[in-house]
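J.: Here's the letter readout for the chains.
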Amino acid sequence: MTSPFEVFRQWWDYYRERQFWRLFRIFVARIFRGGGDSDSEGLDLGVGLVLTLLALPGGFVSVLMFVKYSTLLSWMRGARNINPAAVAMPDEYFFIALSMAVTGTVAVWRWDALFPDRRDYMNLVPQPISTWTIFFANLFAVLFLASLISIDVNAASSVLFPLGVGAAQTSFLFFVKFALVHVLIVGLASIFAFLAVLSLLGFLLVVLPPRVFRRISQYARVLVVMYFVTMLSTSFAIPERLQRLSLDAQAWLTLLPSCWFLGMWQSLHGGSSPSLVVLGRLALPGLAVMFAAAFSVYALGYRRHFLRIPEMADIPSNRREGKASPFLGWFDRLILRTPFQRGCFHFVWRTLFRSEAHRLALAAIAGLGLVLGLQFLAAAQNSARGSAPSADALAIPFVLVFFIVVGVRLVFEIPVDVRSNWIFRLTLDAGQHECRALARNVILTFIVPWLVLIALPLYTYFYGWIVASLHTLLVAAWSVLLTQAVLIRFRKLPFTCPLPVFQQHSIVTLLGTLFGFFLFALLTPQIESWALSEPLRMIFFLPAAVVFWYVPHRIEESSIEVEKGLIFEEVPTRAVEVLRLGD
Amino acid sequence: MLEALHLTKRYASLPAVQDLSFTLRPGQVLGCLGPNGSGKSTTVKMLTGLLEPTRGVVQLYGQDIRHDLPGFRKRLGYVPEEAHLYPYLTGWEYLEMIATLRGMPRTKLAITIDSLLELFSMHPHRFASIGSYSKGMRQRILLIAALMDNPDIFIFDEPLSGLDVTSALIFKNLVHELGRSGKLVFYCSHVLEVVEKVCTDVLILRKGTVIAQDSVINIRKILGQSLENTFLHLVDDVDTARVASDIVSVMSAA
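Protein chains in written order, with this note's numbering: chain Z, 1 to 583; chain H, 1 to 254.
Some hints here could point you the wrong way.
[Claimed, not checked] BS3-like cross-link-like pairs, simulated, lysine-lysine; straight-line CA separation at most 30 angstroms:
1. K172(H) / K135(H)
2. K492(Z) / K74(H)
3. K74(H) / K564(Z)
In case anyone wonders, no lab produced these hints; they're calculated from the structure.
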């Protein structure tokens, strides 16, 4: 007699080889590995690593929260008979924001792969498969991806966070209830974020002509990523505002879906904050509307985009040549003096703005810098006005500069279609040591224009031209020094090397970056604020500048010739070198 | 004159190319033939200086090319086997980048690129991103990139891949012209008819070693048959008709 297991296995073997499931597997693979009509961009991290990376933040933050919910610490603080749900509310909001931000960002990252592309069309449509089967298989794959990411992102926090909060509780039932409510809320929030991105994508596909869509879609994605980063960065301030102020006074909060889910969470825990009760009532209808919207625009977008692929394939581009600006000609002549710099500068610049992975990574880092900058701006408004600007007011350009320099430097390491670097291997002279100068020019191009055209006039308006000039000069000089420091021993053409492997000194680099932020964006404005009250004191920055210039310069000088040549692959130093004399 | 002298390349002691020597003179179009895995790509990479030989040297007019690689590459036009290009750049931007890197004068650059784009029927597509190009269009961009700086040495690795009939015919005539004007042309291909038509000499590789090297006319004279039959005779003694018949049998049985 055949066992039920065997029957199930036969049934599974039969169904998994059917057209629909084969297509489903193809589409899941496409969504993970990337799609679009363009070539692979060289950042294939693999499914396992992607899922691990996505799960890490939730787990890491949950572990850090153990300290906050420690029974011993609560006892030492004299906190007894506390309401755990009330104490956990800000943290719950953070987890809601985190799950929405991570899931939404993944959806943005895989934006081009969510709909079947030209490759799918060319491979699948000539086969005896109905387009409906392709439609539903892809829809199923997208929903599967949304559920998988939702589970993955929230898995660690669903266990660890309730464990931490329930540590002081004697009832196991509390843990179970808290965990179930948490899983439900963060899961729904995650799916909401995914569907929201899918809806936006589908909406743009439906209303815009294909060429306009391609252009607008780039900006839309950057804006969405910046929105998620802002939501995450402000997650520490929102719950407090919700508890402190009435909803009438801050009606804009009803526009934040993350607040709806926090309201729903509070209602399930029996909380009574009136603002949150009102917001909580929006969560489920909002999710239902988003689901309906996503399905509708997906269907319409599929019809408009996928079924018209053959019509779009042969239309020649009518994009026109942009008029060469005289400023660019001047820039090429004066700043980019060698063919290496002229050729590679434009390549690096175009890659940063046209390659998805680079654009999104840069947008996320810049978004974080912008949010921190805005926090300093808010703090500067509250601080007392004196003869010299406050440290908060001075810190804003330092914070922005820090995130730009570190962000762009980091993004330089993300490869773009490494196989295409053959042209640079063939054309560039490895003995020309121009990579640092090139990278420095690229980074400073991101800083100098806004520093001169926006920051200088604004500071002049608020604090007079002497303070503004001195401050701009200091920020500019510190930008150059920071750029020099992050480019020590940099000898690659950005984006042309494979992603470097994790090295032992990576932790040191991370700690160094945090320390650098403290020195650059927090300590310098404090000293500058003190110095500007008596502008002659600014002279104290000179010796510091000399030291910060000399150290990287000395390190570069001490490198031997072999360590300076252009490389296209970072080979870790081996403990033992094999001579291969037998070869 | 480009000379390969006793070129050997080993990957972890496995030989990809062994003791390969040949000379390429001005005006000569040397075809390189060989089945998959015969060492053609490795040879091309060593000739372009992309790969360092385990043993042996490549010399240009008696000078090891590795002594002045940038100088050698300035004189080299290379079309690789696969069209790996940056998909987000437009065709024009890609060519402009290459021209700048090669140090072409700014005044000449735009005119040359535009003229070649026009001649290769790519002018209407010059501002579309390479990601949207077909294989043939990418190949034409590669050809233009190799030609535009008027180099002395050309290395073509399957240059006709994906080209339409007209472009392929233009290219075959172009190779003749290049040879006639005294350029050195090294031409790797699987398409035997093309090699027979465009090359003056031929080099046949098998398992990393040279098994025949002579002018196309001489090889035909010695073996008294077409290059296709010569190739099959020398490289793989396979009864192609029988294999084709076997394939049909398997199809019928499916």
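J.: Confirm or reject each hint.
T.: The hints, checked one at a time:
Between the alpha carbons of K172(H) and K135(H) the distance comes to roughly 18 angstroms, so the proposed pair stays at or under 30 angstroms and holds. Distance restraint check for K492(Z) and K74(H): the Cα-Cα separation of roughly 21 angstroms lies within the 30 angstroms cut-off, and the hinted pair is therefore satisfied. A distance of roughly 22 angstroms separates the Cα atoms of K74(H) and K564(Z); the hinted pair therefore holds under the 30 angstroms criterion.
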